[in-house]
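Engineer: So the chains spell out like this:
Number of protein chains: 4
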Amino acid sequence: MTTTKTKVAVVGASGYTGEELVGLLLAHPNIDLAVVTSRQFAGKSLAEVFPRFAHDKNSARLKFSDSEAKQVARDATVVFLALPHGLAAEFAKPLLSAGARVLDLSADFRVKDSDVYREFYGHEHPAADLLGKSVYGLPEVYRDQIREARLVACPGCYPTSILIPLRPLIRRKAIARKTIVASSMSGVTGAGRKAEVDYLFSECNESVRPYGVPKHRHLSEIEQELSILAREKLVIQFTPHLVPINRGIISTIYADIATNVVKMDPAVIFQSAYGQEPFVRLLGDDRLPDTKYVAGTNFIDISWRIDRRTNRIVLMSAIDNTVKGAGGQAVQCMNLMLGLPETAGLI
Amino acid sequence: MTTTKTKVAVVGASGYTGEELVGLLLAHPNIDLAVVTSRQFAGKSLAEVFPRFAHDKNSARLKFSDSEAKQVARDATVVFLALPHGLAAEFAKPLLSAGARVLDLSADFRVKDSDVYREFYGHEHPAADLLGKSVYGLPEVYRDQIREARLVACPGCYPTSILIPLRPLIRRKAIARKTIVASSMSGVTGAGRKAEVDYLFSECNESVRPYGVPKHRHLSEIEQELSILAREKLVIQFTPHLVPINRGIISTIYADIATNVVKMDPAVIFQSAYGQEPFVRLLGDDRLPDTKYVAGTNFIDISWRIDRRTNRIVLMSAIDNTVKGAGGQAVQCMNLMLGLPETAGLI
Amino acid sequence: MTTTKTKVAVVGASGYTGEELVGLLLAHPNIDLAVVTSRQFAGKSLAEVFPRFAHDKNSARLKFSDSEAKQVARDATVVFLALPHGLAAEFAKPLLSAGARVLDLSADFRVKDSDVYREFYGHEHPAADLLGKSVYGLPEVYRDQIREARLVACPGCYPTSILIPLRPLIRRKAIARKTIVASSMSGVTGAGRKAEVDYLFSECNESVRPYGVPKHRHLSEIEQELSILAREKLVIQFTPHLVPINRGIISTIYADIATNVVKMDPAVIFQSAYGQEPFVRLLGDDRLPDTKYVAGTNFIDISWRIDRRTNRIVLMSAIDNTVKGAGGQAVQCMNLMLGLPETAGLI
Amino acid sequence: MTTTKTKVAVVGASGYTGEELVGLLLAHPNIDLAVVTSRQFAGKSLAEVFPRFAHDKNSARLKFSDSEAKQVARDATVVFLALPHGLAAEFAKPLLSAGARVLDLSADFRVKDSDVYREFYGHEHPAADLLGKSVYGLPEVYRDQIREARLVACPGCYPTSILIPLRPLIRRKAIARKTIVASSMSGVTGAGRKAEVDYLFSECNESVRPYGVPKHRHLSEIEQELSILAREKLVIQFTPHLVPINRGIISTIYADIATNVVKMDPAVIFQSAYGQEPFVRLLGDDRLPDTKYVAGTNFIDISWRIDRRTNRIVLMSAIDNTVKGAGGQAVQCMNLMLGLPETAGLI
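If you're matching them up, the sequences are chains A, B, C and D in order.
Going by the working numbering, the first sequence runs without a break in its numbering and finishes at 429.
Going by the working numbering, the second sequence runs without a break in its numbering and finishes at 429.
Going by the working numbering, the third sequence runs without a break in its numbering and finishes at 429.
Going by the working numbering, the fourth sequence runs without a break in its numbering and finishes at 429.
Source of the hints: derived by calculation from the structure; they are not laboratory data.
Where hints are given, some of them may not hold.
Stated by the list, open to error - Okay, the calculated beta carbon distance ranges per label pair:
id: 1; chain 1: D; residue 1: Lys315; chain 2: C; residue 2: Gln353; range: 31 to 39 Å
id: 2; chain 1: C; residue 1: Gly294; chain 2: B; residue 2: Glu150; range: 33 to 41 Å
id: 3; chain 1: C; residue 1: Val279; chain 2: B; residue 2: Ala109; range: 18 to 26 Å
id: 4; chain 1: A; residue 1: Pro423; chain 2: B; residue 2: Asp280; range: 33 to 41 Å
id: 5; chain 1: C; residue 1: Gln353; chain 2: D; residue 2: Pro176; range: 53 to 61 Å
id: 6; chain 1: B; residue 1: Arg369; chain 2: D; residue 2: Pro176; range: 35 to 43 Å
id: 7; chain 1: C; residue 1: Leu311; chain 2: D; residue 2: Ser309; range: 31 to 39 Å
Stated by the list, open to error - Simulated coverage check for chain D against chain C, where a stretch passes if three residues somewhere in it have a Cβ under 8 Å from a Cβ of chain C:
id: 8; stretch: 283–295
id: 9; stretch: 311–321
id: 10; stretch: 326–334
id: 11; stretch: 365–374
In this text the structure is predicted, and so the values were computed from the model without any measurement.
C-beta atoms are modelled at their ideal positions from N, C-alpha and C, and glycine is treated no differently.
Just need the whole structure built from these sequences, with the hints factored in.
Structural biologist: Here it is as structure tokens:
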């Protein structure tokens with residue numbers, strides 16, 4: 083019954099995002115995970131590096147390579163890049179030239195303006211000519227463009243958790259645009275699988291801490307996307323915090339209700355915006371989000387409360403930073419690009 | 083060198099706050115912990131109930147009693163109440179009548195206005211006549227009044243973490259009062275030692291969740307204290323979140339810089355306000371707070387960042403909710419009441 | 083392609099085991115989860131009680147009932163019992179009489195000898211006549227009997243983690259039977275979703291503790307199964323410890339190598355015993371087990387080391403206590419009973 | 083009232099052991115912490131590197147140096163070495179020559195036999211001539227020798243937790259010496275503050291794993307000390323496990339009761355051995371140890387159970403690996419060396 087599966091590569095597969103992607107792709111009914119690369123683990127099998135997948139026959143057979151872009155493009159028609167910022171852009175160029183379709187999980191193609199990129203990332207963009215060609219991989223916003231895209235820039239984890247709840251209110255002009263404050267908490271996989279003292283168990287356990295205050299890099303893409311929607315330059319406040327969980331982000335977002343809004347009904351607004359979305363769950367009045375309910379899934383849970391005392395709306399969202407915030411959303415985009423059911427391999 | 087020690091009682095000593103208090107008082111050089119009460123553990127020794135203290139000779143000797151207020155007042159001159167809301171007020175009355183000095187760790191005497199109490203706590207205040215006589219036990223604000231007080235209402239944990247950083251900016255009119263948003267994260271001891279499914283290990287581990295949105299009870303005392311300072315009714319936004327640590331609160335607080343402020347220098351403002359405070363540590367430009375640096379201590383760590391892009395100030399504070407947020411602050415108040423060095427038994 | 087699905091019930095579905103079962107059954111391609119019961123949650127939908135499954139259409143539709151056994155047997159042909167000890171036996175009787183096939187996840191039918199049951203569980207067995215009719219639900223041992231069984235007693239979590247690694251060595255007489263020591267560590271879901279102070283987050287976090295020393299209830303089924311295999315009464319040492327993780331058991335098992343064994347090759351023994359088992363992963367010489375690699379899966383990972391200094395073998399196993407130690411193994415048994423692929427819904 | 087304080091140095095103070103030592107010494111009433119060295123942090127103040135101590139005036143004043151041994155010996159009369167294995171021995175030589183008294187927290191001087199050292203540590207001992215001069219720093223065993231020692235080899239964390247409970251039974255010949263099995267669990271600070279992927283938060287959280295099977299380095303000192311006591315070569319089984327807590331070790335130790343023992347009364351044996359020890363707490367029949375009750379303290383909690391079914395005794399102990407297992411025990415030794423009360427600065 084199954085026909086030919088699409089050959090897919092994951093470049094830089096050794097981190098938490100890469101591992102999540104590999105797991106999703108191994109289990110995906112329409113995909114043949116044909117290439118995984120890692121400089122560090124070249125020559126080792128997937129099963130050796132990720133014992134979690136050791137029972138999977140492909141995992142025992144498939145070995146990490148240290149292939150260059152051209153070789154990868156010969157072996158796969160869709161390529162995920164799970165590389166550090168900067169390196170991803172360099173790898174994307176020859177892949178695209180060779181005809182591969184690319185989903186980049188780094189920040190390299192998210193920001194369209196190379197000046198903004200330089201401001202937030204501290205160096206020149208390595209492939210500025212490609213910026214205009216990438217599609218921001220948020221299916222709830224750019225579904226149609228993603229279907230046709232050759233280069234998808236998968237959104238950051240914090241931006242995913244903030245943009246999805248905020249967008250319907252901004253589009254409806256329901257909130258005062260200068261009053262947006264987003265306070266987020268992320269699990270430690272968000273820092274990557276890097277050997278740094280700050281992320282040792284004994285430094286993170288029994289620890290909660292803000293960081294990147296006041297100008298975290300993810301602000302650049304959040305503000306870009308909100309500004310496009312608002313048709314004016316929009317600036318928000320954003321503070322990330324590190325909390326001792328493996329997976330999960332909670333974003334609590336505050337905004338003044340716009341002065342001309344007499345009575346806001348967020349349930350109607352959100353139902354209208356996301357009622358048909360396969361991965362958006364609206365919690366309504368009786369529940370608040372909790373990372374444990376989205377861990378390991380591609381869902382975003384959203385709830386809201388209006389505070390009559392302060393005339394503000396409080397939005398709260400939960401995602402798994404490694405799934406809807408990274409690998410799962412990338413697979414969702416890939417499904418769109420390949421004309422597969424959007425939920426294939428994800429539910 | 084010291085002569086007679088003051089006899090002290092802890093009423094309702096079986097919870098996390100009670101345990102922290104008991105530990106501090108057992109080790110306090112000027113105190114004789116003479117009475118501990120607990121309905122549940124009456125007849126058991128401190129050592130049996132709190133194995134952590136089992137080596138302490140007083141802990142092996144001292145037994146929990148189920149004494150009534152009058153008896154407690156006979157056996158101790160200073161009484162800490164670590165009882166649930168409502169019960170504390172009932173217990174305080176006869177204690178005060180009998181001449182004891184009382185430090186209440188519940189919310190019963192924090193809010194001065196019995197209407198506000200009813201609004202936030204959902205029932206009539208059980209001893210409204212005493213409201214006018216209590217002193218809000220925040221030494222950084224009410225040091226002189228605490229020295230003379232017969233009834234101290236020890237502040238809540240969230241209010242401590244929010245009021246101390248906010249006060250100097252409000253007094254200086256440095257921030258726009260209607261724009262204050264406080265997003266806080268608390269460890270699970272804050273929920274008390276109650277057998278409830280929501281606080282089981284497997285419900286809290288790998289979980290982060292907002293709660294009490296938008297009108298948590300602690301708002302009542304936060305707004306009361308800020309309004310007194312501002313000399314006008316002040317309303318803020320406050321969202322607490324539960325995070326999987328035992329001890330600690332981080333409060334991240336946002337406010338617009340007041341329009342008439344040309345150049346704010348928070349370092350000067352905070353140094354002026356708290357430079358001499360024994361338990362306030364100002365982190366300055368190069369560090370951000372982390373709960374692990376205050377865990378087990380009575381310190382509050384405070385830092386700040388000005389965001390020129392948004393014209394906001396971001397304040398961040400860290401405390402141990404069971405120490406500076408409860409038992410330690412209560413001992414700090416007791417030290418003032420007894421004319422002891424403010425840091426006795428705490429550093 | 084699949085035709086009719088088997089109607090299945092989960093009785094007592096509100097605990098951690100029940101939740102895991104429900105999740106597996108909702109996603110199972112051959113099963114129609116038709117009945118879930120819970121006294122506590124009767125009338126609520128699965129989606130309300132388990133927000134994790136809220137996107138599943140069955141989960142939104144299916145409501146917890148408080149049905150009696152006869153009604154359950156009318157609505158389902160296979161019934162899982164996730165009830166407390168004692169209650170399960172009472173429920174099983176009428177179910178079996180009504181023709182249902184029953185998989186019991188409690189301890190009620192694991193021990194065949196009602197005297198041993200009384201010794202370890204402290205009361206008379208409530209349905210001793212059924213003891214002879216149950217099959218111990220360890221597919222790696224009793225696969226054929228499980229296929230035909232009408233009443234399956236699903237093994238305890240610790241026993242699963244201890245019996246699978248020990249059995250091949252006992253059958254081969256490779257170890258000295260009187261020298262077996264098993265030291266196990268379990269995550270906190272093993273204690274169930276009960277509101278008890280001992281299992282609060284702040285009591286378990288930063289805590290490791292032995293319990294049930296020296297005679298934990300699970301010893302009764304471990305020793306029963308080992309004795310059947312050894313054809314003589316076999317007694318072992320077993321100490322469980324509680325560790326602060328949600329899911330997972332590590333069992334480290336020690337035994338003297340039998341005196342008549344000249345050279346033992348555990349790799350050959352284990353490969354011969356389990357090389358074809360779909361859920362047993364043999365780690366070999368280069369890896370040791372880790373709970374994180376089996377969490378959320380039905381696998382048991384096994385490794386071993388021979389210590390020439392002491393002439394002992396050290397066996398180490400890892401399972402997820404809620405999956406291979408409970409719900410997953412129960413589904414594995416159900417697959418056998420229904421003639422489905424053994425891995426259906428599990429990989 | 084205070085007279086002159088002893089000047090003390092901590093060499094290699096930047097790890098978890100160093101931090102614990104520094105904290106204890108800053109608070110010690112009889113000690114002047116005069117020197118802290120760290121290659122990595124040279125030039126920074128204690129307060130900068132350890133924000134936990136930022137309020138302490140000495141901590142703000144005292145800067146890390148990169149001093150050589152001779153300079154350290156000029157500035158301090160007692161020197162703690164918290165250096166990696168190998169480096170400690172090299173540093174100790176010139177310190178001792180210069181007249182300093184040295185407490186080494188590495189493994190360099192614990193094993194008296196340089197052949198055993200080579201076998202377990204894989205290289206020649208760098209200062210074999212000093213081996214005969216060191217005293218094993220377990221005050222419960224070598225109190226008198228420690229008082230006079232110039233070079234104290236502070237015991238490893240696991241050995242401390244195993245030797246203290248085992249010794250009285252071996253001395254009394256109450257257990258069969260060939261049957262000893264020790265299964266231990268340690269928190270992650272035991273792995274040190276090293277930037278390694280294996281100890282990242284997301285690798286340790288939700289993870290339990292054995293390691294160092296079957297021949298962990300600590301076996302060498304455990305067996306040395308037990309053999310000295312037994313007056314014959316004694317070999318034991320020992321398996322450490324990593325568990326997701328910051329601080330704490332539980333050791334569960336199994337041994338057959340010796341065949342000639344008619345009736346063993348462990349309570350009498352332990353009371354006789356340790357009834358007067360300031361840091362040994364005997365839990366008796368009604369309690370089992372828990373790391374959370376010893377965390378942050380220098381106590382070892384010990385309990386035992388006799389299993390009549392198997393004729394074994396099960397010993398269980400709990401310590402804080404960074405205190406009684408490292409820094410606290412070193413301070414206890416220092417107190418003895420300086421003629422101070424043994425508990426000074428520790429209770």
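Engineer: For each hint, tell me whether it holds in the structure or not.
Structural biologist: Consistency of the hints with the structure:
1. Lys315(D) with Gln353(C): 31 to 39 Å: holds, 36 Å
2. Gly294(C) with Glu150(B): 33 to 41 Å: holds, 40 Å
3. Val279(C) with Ala109(B): 18 to 26 Å: Once the Cβ atoms are compared, 25 Å apart, the range 18 to 26 Å for Ala109(B) and Val279(C) holds.
4. Pro423(A) with Asp280(B): 33 to 41 Å: Distance hint for Pro423(A), Asp280(B) holds at roughly 37 Å.
5. Gln353(C) with Pro176(D): 53 to 61 Å: holds, 56 Å
6. Arg369(B) with Pro176(D): 35 to 43 Å: Taking Cβ atoms as reference, Arg369(B) and Pro176(D) lie about 37 Å apart, which means the hint holds.
7. Leu311(C) with Ser309(D): 31 to 39 Å: holds, 38 Å
8. 283–295: holds (count 9)
9. 311–321: n = 4 at 8 Å, threshold three: holds.
10. 326–334: holds (count 7)
11. 365–374: holds (count 5)
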